[in-house]
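Number of protein chains: 2
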Amino acid sequence: MSKEQQLSTEPYKGVRDFYPEDWAKLQYIFDTTRTLLRSNGFEEYNASPLERSELYESKTSEEIVNEQTYTFTDRGERRVTLRPEMTPSLARMVAGKRRELVFPLRWFSIGNRFRYERPQKGRLREFYQVDIDIVGLPGAKAEGEAIVIAHKILSTFGAKNDDFVIRINSRTLLNSACDALKLSAEQTNEYLGLLDRKNKMSSETFETERAVFRRNGTDPLELIEAGMNESVTSEQEKLNGLIQAFRDRGMTNVVFEPTVVRGFLYYTGIVFEVFDTNPENPRALMGGGRYDGLVSLFGGDMLPAMGFAFGDVTLIDFLITHNLLPKNLTGAPDVFVGTPVESDTPKAHDFADTLRADGLNVLVNVTEKALGDQVKEAVRRTIPYFIAFGETEASNGKVMVKTLAESSQEEMPIDEISAFIKKSST
Amino acid sequence: MSKEQQLSTEPYKGVRDFYPEDWAKLQYIFDTTRTLLRSNGFEEYNASPLERSELYESKTSEEIVNEQTYTFTDRGERRVTLRPEMTPSLARMVAGKRRELVFPLRWFSIGNRFRYERPQKGRLREFYQVDIDIVGLPGAKAEGEAIVIAHKILSTFGAKNDDFVIRINSRTLLNSACDALKLSAEQTNEYLGLLDRKNKMSSETFETERAVFRRNGTDPLELIEAGMNESVTSEQEKLNGLIQAFRDRGMTNVVFEPTVVRGFLYYTGIVFEVFDTNPENPRALMGGGRYDGLVSLFGGDMLPAMGFAFGDVTLIDFLITHNLLPKNLTGAPDVFVGTPVESDTPKAHDFADTLRADGLNVLVNVTEKALGDQVKEAVRRTIPYFIAFGETEASNGKVMVKTLAESSQEEMPIDEISAFIKKSST
Chain V
20 MSKEQQLSTE
30 PYKGVRDFYP
40 EDWAKLQYIF
50 DTTRTLLRSN
60 GFEEYNASPL
70 ERSELYESKT
80 SEEIVNEQTY
90 TFTDRGERRV
100 TLRPEMTPSL
110 ARMVAGKRRE
120 LVFPLRWFSI
130 GNRFRYERPQ
140 KGRLREFYQV
150 DIDIVGLPGA
160 KAEGEAIVIA
170 HKILSTFGAK
180 NDDFVIRINS
190 RTLLNSACDA
200 LKLSAEQTNE
210 YLGLLDRKNK
220 MSSETFETER
230 AVFRRNGTDP
240 LELIEAGMNE
250 SVTSEQEKLN
260 GLIQAFRDRG
270 MTNVVFEPTV
280 VRGFLYYTGI
290 VFEVFDTNPE
300 NPRALMGGGR
310 YDGLVSLFGG
320 DMLPAMGFAF
330 GDVTLIDFLI
340 THNLLPKNLT
350 GAPDVFVGTP
360 VESDTPKAHD
370 FADTLRADGL
380 NVLVNVTEKA
390 LGDQVKEAVR
400 RTIPYFIAFG
410 ETEASNGKVM
420 VKTLAESSQE
430 EMPIDEISAF
440 IKKSST
Chain L
20 MSKEQQLSTE
30 PYKGVRDFYP
40 EDWAKLQYIF
50 DTTRTLLRSN
60 GFEEYNASPL
70 ERSELYESKT
80 SEEIVNEQTY
90 TFTDRGERRV
100 TLRPEMTPSL
110 ARMVAGKRRE
120 LVFPLRWFSI
130 GNRFRYERPQ
140 KGRLREFYQV
150 DIDIVGLPGA
160 KAEGEAIVIA
170 HKILSTFGAK
180 NDDFVIRINS
190 RTLLNSACDA
200 LKLSAEQTNE
210 YLGLLDRKNK
220 MSSETFETER
230 AVFRRNGTDP
240 LELIEAGMNE
250 SVTSEQEKLN
260 GLIQAFRDRG
270 MTNVVFEPTV
280 VRGFLYYTGI
290 VFEVFDTNPE
300 NPRALMGGGR
310 YDGLVSLFGG
320 DMLPAMGFAF
330 GDVTLIDFLI
340 THNLLPKNLT
350 GAPDVFVGTP
360 VESDTPKAHD
370 FADTLRADGL
380 NVLVNVTEKA
390 LGDQVKEAVR
400 RTIPYFIAFG
410 ETEASNGKVM
420 VKTLAESSQE
430 EMPIDEISAF
440 IKKSST
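Chains as they are written, first to last, in the numbering used here: chain V, 20 to 445; chain L, 20 to 445.
Do not rely on the hints blindly, as some may be mistaken.
As the list makes no split between identical chains, a pair holds if one copy fits it or if it spans any two.
[Said to hold, decoys possible] With a Cα cut of at most 20 Å, we get these calculated PhoX-like pairs of lysine-lysine:
(1) Lys-32 - Lys-116
(2) Lys-346 - Lys-116
(3) Lys-116 - Lys-44
(4) Lys-442 - Lys-417
(5) Lys-160 - Lys-171
(6) Lys-160 - Lys-257
(7) Lys-160 - Lys-388
(8) Lys-366 - Lys-160
(9) Lys-366 - Lys-417
(10) Lys-171 - Lys-366
(11) Lys-421 - Lys-201
(12) Lys-219 - Lys-388
(13) Lys-388 - Lys-441
(14) Lys-44 - Lys-346
(15) Lys-257 - Lys-171
(16) Lys-442 - Lys-421
(17) Lys-32 - Lys-442
Hints were generated in silico from the structure; no laboratory data involved.
Quick caveat: nothing in here was measured; it's all calculated off a predicted structure.
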């Protein structure tokens, strides 16, 4: 085939290929999160990334629907969208089996989401996200549980309270301040939009734009800070109580932040985000809030719901920044079994099966290379341990275990290998 | 919101929603397969389901490209396809890092594939598939390893040799028989296509259609059976040797089946499929073969490659048919911790964290229901164990563990709960 006809090895624009060492990092964060969530009584669900387009056209951000989705028409003239987020699918599924499900639901889902954006740093067209939701639990209990889980997730990766801050706000509080100043519904939305963009603009621009919303010299944020309006103060006290409850549980990194809005229009109460405290990585790691109206878009009464999500890229950046990502996430097996001569292969396979039964991941040499070259191959494959297995080892039941990173080796009986390797790897 | 404006709760046509009890079954087959493959030295990779359309237009079946893909044009006028299968993405990724990778590769990937077909039983527009490939290993070693792995996967789910049969054929053998009869390349492809469709037509139709390919009263299949042509016999002997090697290893369910072709045009050598022996489920569970030419479509020399795949629907049907799917795959937690009175909740949370540290998945009551109603809730949630935790339990360190399916209960110290539940659940 000529050069001209060669196919390109590039992936589609804005998406990633995951070679084993890349995928091992994602698997690590998915597995760690899944284990923690299941341990806390959460159940995993999933849906197809193909959704009917109408699902995104009623209550989600218009920017996303019009500018940022992959939407196309299938041959049956159906409009199909690649899901840009999971919450509408969750609401659809909950509504679909509302009479059979036992509430409150504690559900999570791990998968890819798609946004048609100009590719830039940290902004991919496909990214992975973990979505965590509590549906059917009213009042502050769901907020309590969701924010505790957010804290537990980062803690299980080894993060400490001073590595991140949980910023909480309340749409109800913001709305009550806007109401007190008699802003219209449209002006309220515009004001929330301004707060949402605050970190992306200079403080001068922010001050200029907020001036539009001042009534008698006060804008809603200033009204909240002043603490002089009764209904606003009442909302503020509820939020303070919630924050104090977290602090009493040792979550000293939970704070009130009146500018937190989170983009989506469907939020109705508490909103929160988790921010990296490292000034080099000033990004929201997690975000979410209460969205009591979403499930009832499919019919029936309002159903209280609270959820949050985090993406693979920002979490991995956070773990790297705080030196919390394990070094040995290569996807490679644990042991390379070498064969002194090719006729040792069947014995080596049996030996490998013994190690596998003990829970080790084992590769057996299939080449005719000399043992020294097999060791070199194991190193290139980033396999941490090498064990040659031939006539001698089969007859005396002892092997030499080479720890390749340390260029050290130790002789031991076959039934001690697994414990030795598991101990050394932790 | 009026009835007319209500959003539908149906998923997009031909795709599935996975509620927790559905997803638990998929997770079980993915986790079991992943553990086995990693244990055998395989590494997991992944790619985006969005691929450039040209990837499917050179060597894959034309039917798939023209009739069965989701292909659309993005706003940058790029043609994008939702991957209908994984092998082209694998070949692209291997070619892209050909100089850095250490061969042979043993790679697998688990994910969704998309086909734009009329939805019918077992034919969904989105299905999950496990793809397993060995790249860079020439000769019969890769065939040997791949088919052993296929056998190991089904064995690890509990299947016995008489539950399934592995049917092996060789494209080289079929081609040599077609060559011996001087069929043109086009006629050879047509003949292979006829064999591929054999099980979907009556034997009369098959006999009528095969007549076209007879030369001197013999068609390629009859030539193979007659064993009179030297080059055909030589290919047949290679294949027999491979099959005998499997049978010597105890894989007595490996057989030669000259009509096995597997659809894809890119196969170049051995092809095989795994068939359910139960006459009620007469379907191929797994299929694959050698495709030495695929990686070099991206440039460079031919690279030996051998792979196979299986789908979620057919595997789960197989496991159900043979009574091999565990009954307890519900996605529900292991333990429901009940609270005699609401003020017990903080203690109950601490108790739950103790059980979680022992590896149990635990839900704590958050309602104000009476204990009896909490037990009923646990049953409805299909949670197998119920433990009430209040003042009494906290002070004497003993709890009553209810096994809900048996309506039995047993008192024990807190530190024995985890061992009791893990033992009872296996």
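Results of checking the hints against the structure:
{"no.": "1", "hint": "Lys-32 - Lys-116", "in the structure": "between (38 Å within a copy, 18 Å between copies)"}
{"no.": "2", "hint": "Lys-346 - Lys-116", "in the structure": "neither (43 Å within a copy, 22 Å between copies)"}
{"no.": "3", "hint": "Lys-116 - Lys-44", "in the structure": "between (35 Å within a copy, 19 Å between copies)"}
{"no.": "4", "hint": "Lys-442 - Lys-417", "in the structure": "within (19 Å within a copy, 34 Å between copies)"}
{"no.": "5", "hint": "Lys-160 - Lys-171", "in the structure": "within (16 Å within a copy, 47 Å between copies)"}
{"no.": "6", "hint": "Lys-160 - Lys-257", "in the structure": "within (13 Å within a copy, 68 Å between copies)"}
{"no.": "7", "hint": "Lys-160 - Lys-388", "in the structure": "between (63 Å within a copy, 15 Å between copies)"}
{"no.": "8", "hint": "Lys-366 - Lys-160", "in the structure": "between (59 Å within a copy, 16 Å between copies)"}
{"no.": "9", "hint": "Lys-366 - Lys-417", "in the structure": "within (14 Å within a copy, 51 Å between copies)"}
{"no.": "10", "hint": "Lys-171 - Lys-366", "in the structure": "between (47 Å within a copy, 18 Å between copies)"}
{"no.": "11", "hint": "Lys-421 - Lys-201", "in the structure": "neither (75 Å within a copy, 57 Å between copies)"}
{"no.": "12", "hint": "Lys-219 - Lys-388", "in the structure": "neither (58 Å within a copy, 48 Å between copies)"}
{"no.": "13", "hint": "Lys-388 - Lys-441", "in the structure": "neither (28 Å within a copy, 46 Å between copies)"}
{"no.": "14", "hint": "Lys-44 - Lys-346", "in the structure": "within (10 Å within a copy, 32 Å between copies)"}
{"no.": "15", "hint": "Lys-257 - Lys-171", "in the structure": "neither (23 Å within a copy, 58 Å between copies)"}
{"no.": "16", "hint": "Lys-442 - Lys-421", "in the structure": "within (15 Å within a copy, 37 Å between copies)"}
{"no.": "17", "hint": "Lys-32 - Lys-442", "in the structure": "neither (43 Å within a copy, 51 Å between copies)"}
Violation of the numbered hints given earlier is confined to hints 2, 11, 12, 13, 15 and 17; the remaining hints are satisfied by the structure.
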